[in-house]
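Assemble chains B and C onto chain A, guided by the hints.
Protein chains in written order, with UniProt numbering: chain A, 1 to 196; chain B, 1 to 195; chain C, 1 to 216.
Keep in mind that a hint or two might mislead.
30 Å max Cα-Cα, derived DSSO-like pairs, lysine-lysine [to be verified]:
| hint | chain 1 | residue 1 | chain 2 | residue 2 |
| --- | --- | --- | --- | --- |
| 1 | B | K144 | C | K154 |
| 2 | B | K5 | C | K212 |
| 3 | A | K114 | B | K144 |
| 4 | B | K113 | C | K88 |
| 5 | C | K73 | A | K57 |
| 6 | B | K170 | C | K64 |
| 7 | C | K202 | B | K27 |
| 8 | A | K171 | C | K22 |
| 9 | C | K22 | A | K86 |
| 10 | B | K85 | C | K154 |
| 11 | A | K86 | C | K202 |
| 12 | C | K88 | B | K85 |
I should point out that these hints are in silico values taken from the structure, not numbers from a laboratory.
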Amino acid sequence: MDPFEIEFIGENRIVSIIPNFSHDKIYLICGEFGPFRAGLPMNVPLWLAVMLKQKQKCRIVPPDWMDMEVLENIKEEEKRSRFFTKMPHEHYMVEAKLLLGAAAEDIPRASEVKTIIKDIWDIRMSKLRTSMDALMKSGGSYGRLDHLTMMEINSVKPLLPQAMDELHKIKMMTRTSASATLNNSTFTQSGSSQNI
Amino acid sequence: MFGEKVIELLKEAERNSDTIDLYNDEKIRQIIQEMHILFKMNMDDANATTENKSLWTTVQVRHSALERNKRCLLAYLYNRMNKIKTLRWEFGSVLPPDVRELLSDSEYEWFSKYSTNLASYMRSLGEDIGYSGIDLTENLRPPKSLYIEVLCVTDYGKLELEDGDVIMLKKNSRHYLPTEECQTLIRQGVLKQII
Amino acid sequence: MDAEDIELSDDEEEITAESVLKTLQNAWQNERLAPEILPHHNDMVECMLGQIQHMERNINKLPKTDLRSCIHKMELNRIKYIICNYLKTRLGKIEKYCIAIVNEEKQRIEAGTNYLTPSEFRYAQEYITNMESHLKNTILNHVPGNMQSFELNKMAIYPNFYCHVFLKANETINGIILEDLLGDQDEEIDIEEDSQHILQYKPIADLVKNGKVQLV
Numbered sequence: 001m002d003p004f005e006i007e008f009i010g011e012n013r014i015v016s017i018i019p020n021f022s023h024d025k026i027y028l029i030c031g032e033f034g035p036f037r038a039g040l041p042m043n044v045p046l047w048l049a050v051m052l053k054q055k056q057k058c059r060i061v062p063p064d065w066m067d068m069e070v071l072e073n074i075k076e077e078e079k080r081s082r083f084f085t086k087m088p089h090e091h092y093m094v095e096a097k098l099l100l101g102a103a104a105e106d107i108p109r110a111s112e113v114k115t116i117i118k119d120i121w122d123i124r125m126s127k128l129r130t131s132m133d134a135l136m137k138s139g140g141s142y143g144r145l146d147h148l149t150m151m152e153i154n155s156v157k158p159l160l161p162q163a164m165d166e167l168h169k170i171k172m173m174t175r176t177s178a179s180a181t182l183n184n185s186t187f188t189q190s191g192s193s194q195n196i
Numbered sequence: 001m002f003g004e005k006v007i008e009l010l011k012e013a014e015r016n017s018d019t020i021d022l023y024n025d026e027k028i029r030q031i032i033q034e035m036h037i038l039f040k041m042n043m044d045d046a047n048a049t050t051e052n053k054s055l056w057t058t059v060q061v062r063h064s065a066l067e068r069n070k071r072c073l074l075a076y077l078y079n080r081m082n083k084i085k086t087l088r089w090e091f092g093s094v095l096p097p098d099v100r101e102l103l104s105d106s107e108y109e110w111f112s113k114y115s116t117n118l119a120s121y122m123r124s125l126g127e128d129i130g131y132s133g134i135d136l137t138e139n140l141r142p143p144k145s146l147y148i149e150v151l152c153v154t155d156y157g158k159l160e161l162e163d164g165d166v167i168m169l170k171k172n173s174r175h176y177l178p179t180e181e182c183q184t185l186i187r188q189g190v191l192k193q194i195i
Numbered sequence: 001m002d003a004e005d006i007e008l009s010d011d012e013e014e015i016t017a018e019s020v021l022k023t024l025q026n027a028w029q030n031e032r033l034a035p036e037i038l039p040h041h042n043d044m045v046e047c048m049l050g051q052i053q054h055m056e057r058n059i060n061k062l063p064k065t066d067l068r069s070c071i072h073k074m075e076l077n078r079i080k081y082i083i084c085n086y087l088k089t090r091l092g093k094i095e096k097y098c099i100a101i102v103n104e105e106k107q108r109i110e111a112g113t114n115y116l117t118p119s120e121f122r123y124a125q126e127y128i129t130n131m132e133s134h135l136k137n138t139i140l141n142h143v144p145g146n147m148q149s150f151e152l153n154k155m156a157i158y159p160n161f162y163c164h165v166f167l168k169a170n171e172t173i174n175g176i177i178l179e180d181l182l183g184d185q186d187e188e189i190d191i192e193e194d195s196q197h198i199l200q201y202k203p204i205a206d207l208v209k210n211g212k213v214q215l216v
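For reference, chain A alone in the conformation it holds in the complex (with noise of 0.2 Å):
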C-alpha cells in the first residue's frame, strides 16, 4: 500500500479537540460525534480535528502520549530492548505527522517532540534492518513481527516479503533438482540396458 493509504487509515483514530463553537451531536457514519460545546474538551476522528483545525474552528488536545517524558521513557526502553516495544498505538506515526504538522501551536515543545519521534523511529528502523537481515539469514519463511505498527511493516514492503519470495524459489528449484537426481540414480540402478 502506499504511505498515503496507511495515513488514510490511521486518520480514523480518535483525537480529543476543544471546539470554539457549539452546535448540536454530528450524526456521521462512522459514529456520533459531539455535541460541541464551545471551551468543553470532546472526541472527534482525526480527519475531522484536522479540518476543524484548518477552519480555525478547534484546538488539538494533545494526545497524552506526545510528552517529552513519556517519550524520552519510550525512547529509552526502545534502546535497551532487543525487541520492538509497545507503540502508544497502531498509527502513532501518522498522528503524530498530521497533529505537529496543523497544530504545532497546540502541542507543548511540539520541535522537541518531533525529533524525539524521529530517533524513535529511526531506532525502530535499524533494529527491523538487523531482524530483517536476521529473517533472511536463518532461512526466511516465516516470522513474527510483534507491536510493529502498520506504516513500519508498510515501510519494508515490497523488499522483504519479495525476498523471501525469492527465496522460496530457490528452495523449490532445489528441491526439484535433487528430486531429478534422484529419479535419474533409480533409473541407473534400474539396471535397464536401453540407450536414451
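This is chains B and C only, laid out in the frame that chain A set:
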C-alpha cells in the same frame, strides 16, 4: 536468423515501459511473413522426413521458432493492451487524437469494447438500490481537503462548476477549486495541483 | 440528519452503518494485500451506497455555508474512496487473472460459493471475449494454419499463492502448517490473538476469507 525480428519488436516495446509507442504494423507483417516461410519449409521437409531422418531435427527447430514467434507476438499485443487500459482510466472513453494515432485499428476497437464493458460495469454498481452507478475513475486518491489550489497549464477555456459558477481557465492562472471537480482536468494535464 | 441503522435480513440482527463501514474497510484492506481475488462483499458496498445517497440528499438541503455540510461531504468522500479503490482493486485482479478466475468461478457458481458479483462475472467473461477477438484479428487469423488457435490455458496467469504476506490475528488460531521444502519437517505454529506475522499466503488463505486474520 529465425526469431530475430520478434525480439527487436519486444525490445522496442520494453524501451518505453511507461508510455505506448506507435503500433509497429510493418514489423508484425514481416514476422508473420517469416512464420509462413518457416511453415512452408517445414511442410515440404515433413513429407521428406519419412525417408530422410536427419531432416527431423531441422523441422523441430523451425517448429520451435514458429511457436516462439507466436508467443512473442501475443506478448507484444498483451503488453500493449495493458497500456491501452490505463489510457481509458486516464483519458476516459474519448482518446486525444495524438494518442489515438498510436493504436492500430484493431487496438482501437479493443479500446472501445474495453471502455464499453467498463462503463456498463460501473453503471451496474448499486442498481439494485436505485443508485445511478459510480465512476471508478474518480476518487483515485484519499481525500485530504475539499478544496485545493491549482495552476492552469494550458488555455482551456470556461469551466462550469457544480454550483453554477463559471470560471475561466487560462494558462498560468491560479484557482481554488473543489477537489472533486478538478480531478479529471488534473489527470488530463490541464491543471496542476500546487502543493 | 441521521445515519440510519440498517437491517440485514440474513442474520435477523440489527447492524449499524458504522459496523458495516468498518467491515468494508477491512475487506478493502484484505483485497489490496491478498494475491488472489477474495469473496465479494457486495451487500456491504450496496449498504454504504445507500447511506451515501441518503446523506447526499440531506446535505443538499443544508445551506452551503453550513459547517455540517463540509464535514459530511468529507466523510462521504472518504467512504467513496474506499468503495472505488476496493472495486477497482478487484477489477484489476479480474483483468489480470481473467481466465483462471472465470474457470474457477464457474465451479464456484455451481457450488453456490461464488466470489464475484454477477456484474463482475459478466465483466470478466466479456473481457476474455474482447481479448480473444483482438488477438485473433491482429495475429492469430494471419499466422499459418495449425497455429491459429487461441490457447486459453497458455494465456492464463495465476496469482502467486506462495507469496509472503503480513497479517494480524483477530483471534487465536492453532495448528497452521508451514511447509518445509528442503526437509520433511513441516512446522506447525499457533498464532495468538493480536499477534503479527509474516508468512506465506497459502496456508492462511482461508483464514483471510473467514475473517480470522487481517492482512496488514
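Against the structure, the hints:
no.: 1; hint: K144/B with K154/C; in the structure: 44 Å, violated
no.: 2; hint: K5/B with K212/C; in the structure: 53 Å, violated
no.: 3; hint: K114/A with K144/B; in the structure: 22 Å, holds
no.: 4; hint: K113/B with K88/C; in the structure: 18 Å, holds
no.: 5; hint: K73/C with K57/A; in the structure: 17 Å, holds
no.: 6; hint: K170/B with K64/C; in the structure: 27 Å, holds
no.: 7; hint: K202/C with K27/B; in the structure: 43 Å, violated
no.: 8; hint: K171/A with K22/C; in the structure: 39 Å, violated
no.: 9; hint: K22/C with K86/A; in the structure: 24 Å, holds
no.: 10; hint: K85/B with K154/C; in the structure: 22 Å, holds
no.: 11; hint: K86/A with K202/C; in the structure: 29 Å, holds
no.: 12; hint: K88/C with K85/B; in the structure: 13 Å, holds
When each numbered hint is compared with the structure, violations occur for hints 1, 2, 7 and 8.
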